[in-house]
Amino acid sequence: MTFARVMIFSLFTLLAFTGFANLVPQVQGDPPVEEKIDVGSIDMAGMVLLGEKLFSGKGTCTLCHNDMGRAPDLLGIDLAKEFPERIADKSYEGIAKGKTGPKAIEEYIMESLVDPSKYVVPGYGKKGSNDKISPMPKADTAPIELSKVEMNAVTAFLQDKAGISPTVPLPSADEAPKATGNDEDEENEPATTGVAAITKYGCATCHDLEGSEADIGPKLNGLAKRMTDAKILEAIVKPNVVIAKGFEADMMPDDFGEQMRFSELNLIVEYLKKLPE
Amino acid sequence: MALNHTSKLFALFILAVFVLVPDVAFAAADAAKEAGEALVGAPKPTRADYPMIGGLNARTLAWGFAQMHLFLAAFVLAVPMFSIVMEYIGHLTKDERYDSMAHEFMKITMSAYSLTALFGGTLALTLFLFYPHLMGYLMKVFRGQFLIYALLFLLESVTLYIYYYSWNALRYGNRKWFHMSIGLVLNTVGLSLMFIANAWATFMMSPSGVDPATGAVIGTVWEATRNPLWNPVNLHRFIANIAYGGAIVGGYAAYMFLAEKRAEVKAHYDWMGYTSNFIAIAGFLPLPFAGYWLMAEIYAYSQQMGITAMGGILAWLFIIQAVLIGTIMLAANYYLWCGLMRTDRGAQYAKYVKYIAVVIVGGFLVWVTPHSLILTTDEIRLLGGTHHKFLGPLGIMPAKNTAVNLMLVFTFLSLQMFYRSSRVPTVSWAKAGNMVIIALYIIGCTNIVFAGLYGYITPTVYKVGASVPQVVSTLSIIVFSVIIDIFMLRGAKSEKVHWGRMSERSQYALFVLPVAFTWLMGLMGYIRSSLRTHWHVYTVMKDQSPDAYIPTIGQAGNTITVITLSFMAIMVFVFWLSRLGSTSQVKPS
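First to last, the protein sequences are chains A and B.
Using numbering that gives the first Met the number 0, the first residue of the first sequence is number 0, and each one after it goes up by one.
Using numbering that gives the first Met the number 0, the first residue of the second sequence is number 0, and each one after it goes up by one.
Rather than coming from a laboratory, the hints here were simulated on the basis of the structure.
Heads up, some of the hints might be wrong.
To be verified - Partial list, derived from the structure: chain B residues whose beta carbon lies under 10 angstroms from chain A:
1. L150
2. L154
3. S156
4. W221
5. E263
6. W315
7. I319
8. T517
9. L522
10. G524
11. D542
Said to hold, decoys possible - No more than 30 angstroms apart at the CA atoms, straight line, and that leaves these computed lysine-lysine pairs for DSS-like:
12. K52(A) x K139(B)
13. K43(B) x K147(A)
14. K43(B) x K57(A)
15. K137(A) x K260(B)
16. K80(A) x K57(A)
17. K199(A) x K43(B)
18. K137(A) x K586(B)
19. K35(A) x K139(B)
Unchecked claim - Going by beta-carbon spacing under 10 angstroms, a handful of chain B positions derived as facing chain A:
20. P458
21. G464
22. A465
23. P468
24. Y507
25. W534
26. K541
27. A547
Yeah, the Cβ is synthetic: ideal placement off N, Cα and C, and Gly gets one too.
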């Protein structure tokens with residue numbers, strides 16, 4: 000009897016705790032999501048937007064850079080005034096020392112991302128370090144692991160916040176973020192060559208491309224002579240607008256426009272145009 | 000006498016061996032490094048590399064077994080610690096009640112010990128089965144330490160059985176010293192086991208002795224063991240285990256009290272419950288300070304990790320933690336207040352209970368007040384900002400530190416009142432002594448409040464530092480009051496304590512402690528593991544399993560409840576078995 004009473008009492012006590020745990024806001028902590036960077040088509044506005052996403056996402060910058068006082072509130076302070084002041088600070092000995100202008104600010108931000116202790120804003124150093132050691136982790140190493148392009152994007156975002164035109168370089172195909180080892184991510188990595196794009200979307204399964212002898216769709220050899228770039232593009236993203244003679248509609252998927260990145264579409268068009276007759 | 004010296008020397012020798020063992024055993028340099036072989040980094044398993052067995056969820060299984068093992072291990076390691084102290088008190092005061100109670104505590108431990116081993120083994124199998132890459136890596140880092148662990152486990156079993164079964168054979172005189180030496184060895188081995196297991200867990204949070212970029216093993220086992228969070232976790236778990244063990248045996252005493260009908264046996268279990276509650280509170284009072292140190296070290300190791308815990312998605316957990324600790328404090332205090340009725344003088348102290356209750360409940364409410372809320376735009380608009388105008392300031396650390404320190408001070412006051420209720424000081428300076436104690440409380444509490452207010456005007460990074468004077472004030476009140484009481488109550492006139500004169504309600508309050516403690520330990524385990532976010536070993540080995548996410552507080556709460564309920568069912572079953580074991584059938588006439 001005592002066993003039952005005590006167990007029932009325990010159960011109700013535990014249910015009270017569980018109920019409370021279910022009442023508070025429920026947030027699942029997912030691993031950081033890789034931001035897809037379309038290296039072929041991203042412009043500076045895209046870089047700023049990407050930087051903003053990284054700032055509060057994968058970069059976890061807002062964890063400390065907020066109004067709680069752990070680190071300078073980069074979204075709240077006047078960066079246009081702040082950055083030049085830091086570079087001009089006599090204790091600053093970094094790469095942008097003695098320089099002025101947007102490029103100097105870019106160098107300063109990049110440096111602070113990869114080597115945060117190079118200059119520590121007074122009052123924000125590790126306790127006991129006399130503001131010589133920053134508590135900020137290096138952005139390019141674990142656990143943050145921002146790529147060069149991603150750090151450029153964050154720099155562009157902060158330059159934009161400071162009211163200056165970003166000076167960071169736009170990414171090249173070689174700078175696309177590396178695969179994370181996750182199968183799903185590997186599949187979603189953008190193709191960087193025409194052959195890779197054709198392989199990724201399985202075009203040769205239906206079309207005869209350089210001797211694949213597939214005949215579900217029309218042969219694509221010598222396409223440049225028959226179609227313009229715009230028509231090739233349209234044939235990919237809206238395959239049912241024009242149906243080649245001897246073939247039926249609805250045979251080709253009509254969602255390649257959603258599946259493919261803009262850069263991949265361009266790569267495929269360029270590849271198809273170069274196919275011999 | 001010779002045996003007395005021999006046993007003491009023997010105990011000292013064993014202690015020295017265990018103090019030196021880490022340096023001797025773990026100091027072997029990395030063989031691969033010496034041989035100049037290429038260093039291999041931490042494994043990088045892909046999602047497909049994680050075994051899927053049936054529909055089993057690997058993380059939930061490992062979580063459940065780990066937590067059950069930890070609950071039981073904490074209990075099994077803690078009880079011998081205070082049993083030996085009680086044994087010593089019993090030997091010193093010649094009061095056999097302490098000795099018998101320590102023996103009875105060990106009886107419950109014996110029943111739980113095999114279950115500890117069973118869950119430990121099942122946990123190990125689960126980890127090797129579902130996380131082979133991680134376990135392979137940990138084996139590579141800690142190498143021979145796993146064997147030392149196994150040997151220590153064997154030694155723990157041997158000493159535990161000898162300690163328990165030799166109790167009556169080595170009960171008096173010099174033999175008692177020999178018995179206590181065995182207990183000392185048992186505790187040393189037990190603590191060593193805990194420290195080693197802590198090294199593995201904390202290595203996963205703050206790895207050292209490995210290359211930060213690749214995770215390749217470049218240091219000695221000792222370097223990996225002595226990682227930044229090892230000692231803070233060691234201290235925190237050591238103190239928490241004592242509080243936890245006290246709470247569990249308190250639950251045992253409450254169960255026996257409720258189940259028993261005979262007045263004299265009820266009195267025995269009432270006394271045992273009181274002593275257990277005392278142990279739980281004594282362990283609980285310094286626990287927040289060990290917690291501060293642990294959190295400060297987490298911040299020092301990685302500010303990002305610290306903020307993830309205190310200001311990130313885990314922040315709400317500390318509100319739940321506050322609810323649990325508040326529950327524990329209220330239950331412990333309620334039990335003490337009920338205890339005032341055991342003595343005839345208790346009533347004169349009972350009038351102060353309502354004031355203590357106001358402070359405890361007020362402190363509890365401040366503690367549960369959140370600061371950084373996850374809000375929708377509409378909620379921010381309704382609230383008039385991201386923080387509440389009046390309640391927002393109560394959500395930050397200075398307010399919470401003030402609240403928790405005052406709660407601890409007043410919990411100690413409840414304890415002191417009960418202690419005083421059965422003793423009338425006879426020394427000539429009793430009045431002056433009482434005035435000094437009252438002054439201590441007033442000055443200490445004033446300092447706690449003012450240090451709290453100072454915390455509002457100092458930069459964030461120094462807020463934790465501002466809590467130091469508060470902690471010093473709290474500890475000063477406790478330590479100096481105890482010292483004064485020791486001298487003042489020498490030769491005091493003892494009032495009769497009517498053990499057993501307790502309501503059933505008070506026993507349920509006592510039973511709240513193990514339930515809340517167990518759930519709280521589960522919650523803290525969830526927080527500690529979640530701090531690694533999506534890493535098996537923080538920054539060097541990623542978790543690519545399908546469960547590489549931090550579950551919501553609700554999901555975690557449900558899991559912890561199921562585990563806690565299972566644990567409580569096992570423990571109550573052990574209590575029932577213990578009662579069954581001491582029940583004899585009356586011989587038929």
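Taking the hints in turn, this is what the structure says about them:
Here the hint on L150(B) is broken, as its CB sits about 35 angstroms from the closest CB of chain A, past 10 angstroms. Because the smallest distance between the Cβ of L154(B) and any Cβ of chain A comes to about 35 angstroms, over 10 angstroms, the interface hint for this residue is violated. Hint status for S156(B): violated, given a least beta-carbon distance of 29 angstroms to chain A, over 10 angstroms. With its C-beta approaching chain A no nearer than about 24 angstroms, W221(B) sits outside the 10 angstroms limit, and its interface hint is violated.
Because the beta carbon of E263(B) sits about 18 angstroms from the nearest beta carbon in chain A, more than 10 angstroms, this interface hint is broken. About 5 angstroms separates the beta-carbon of W315(B) from the nearest beta-carbon of chain A, less than 10 angstroms, and the hint is met. A cut of 10 angstroms between beta carbons decides the hint on I319(B): the least distance to chain A is about 6 angstroms, and the hint holds. The interface hint given for T517(B) is met, as the beta carbon of that residue sits about 9 angstroms from the closest beta carbon of chain A, less than 10 angstroms.
With a cut of 10 angstroms, the hint placing L522(B) at the interface with chain A holds, because the nearest CB-to-CB distance is about 8 angstroms. Because the smallest distance between the Cβ of G524(B) and any Cβ of chain A comes to about 14 angstroms, over 10 angstroms, the interface hint for this residue is violated. Evaluation of the D542(B) hint against chain A yields a held restraint, the C-beta minimum of about 8 angstroms falling below 10 angstroms. Restraint check: the Cα-Cα separation between K52(A) and K139(B) comes to about 38 angstroms, which exceeds 30 angstroms; the hinted pair is violated.
Distance restraint check for K43(B) and K147(A): the Cα-Cα separation of roughly 22 angstroms lies within the 30 angstroms cut-off, and the hinted pair is therefore satisfied. A hinted pair counts as satisfied when its Cα atoms are at most 30 angstroms apart, and K43(B) with K57(A) qualifies at roughly 20 angstroms. Using a Cα cut-off of 30 angstroms, the hinted pair K137(A) and K260(B) is violated, with the two alpha carbons roughly 67 angstroms apart. Our distance criterion of 30 angstroms between C-alpha atoms is met by K80(A) and K57(A), whose separation comes to about 27 angstroms.
Taking the CA atoms of K199(A) and K43(B), the gap is about 25 angstroms. The hint holds against a cut of 30 angstroms. At most 30 angstroms may separate the alpha-carbon atoms for a hinted pair to count; K137(A) and K586(B) exceed this at roughly 78 angstroms. With a CA separation close to 36 angstroms, the supplied pair K35(A) and K139(B) exceeds the 30 angstroms bound. Because the closest C-beta pair between P458(B) and chain A is about 6 angstroms apart, less than 10 angstroms, the hint holds.
Below 10 angstroms, beta-carbon pairs count as interface contacts, and G464(B) has one with chain A at about 8 angstroms; its hint therefore holds. A hinted interface residue such as A465(B) counts as satisfied when its beta carbon comes closer than 10 angstroms to some beta carbon of chain A; here the least separation is about 12 angstroms, so the hint is violated. With a least beta-carbon distance of about 17 angstroms to chain A, the hint placing P468(B) at the interface is violated under the 10 angstroms criterion. Interface hint status for Y507(B): upheld, as the beta-carbon distance to the closest one in chain A is roughly 6 angstroms, under 10 angstroms.
Hint on W534(B) holds. Least Cβ distance to chain A is approximately 7 angstroms, under the 10 angstroms limit. The interface hint given for K541(B) holds, since its Cβ lies 7 angstroms from the closest Cβ of chain A, which is under the 10 angstroms cut-off. The interface hint given for A547(B) is met, as the beta carbon of that residue sits about 5 angstroms from the closest beta carbon of chain A, less than 10 angstroms.
Checked against the numbered hints given earlier, this structure breaks hints 1, 2, 3, 4, 5, 10, 12, 15, 18, 19, 22, 23; the rest are met.
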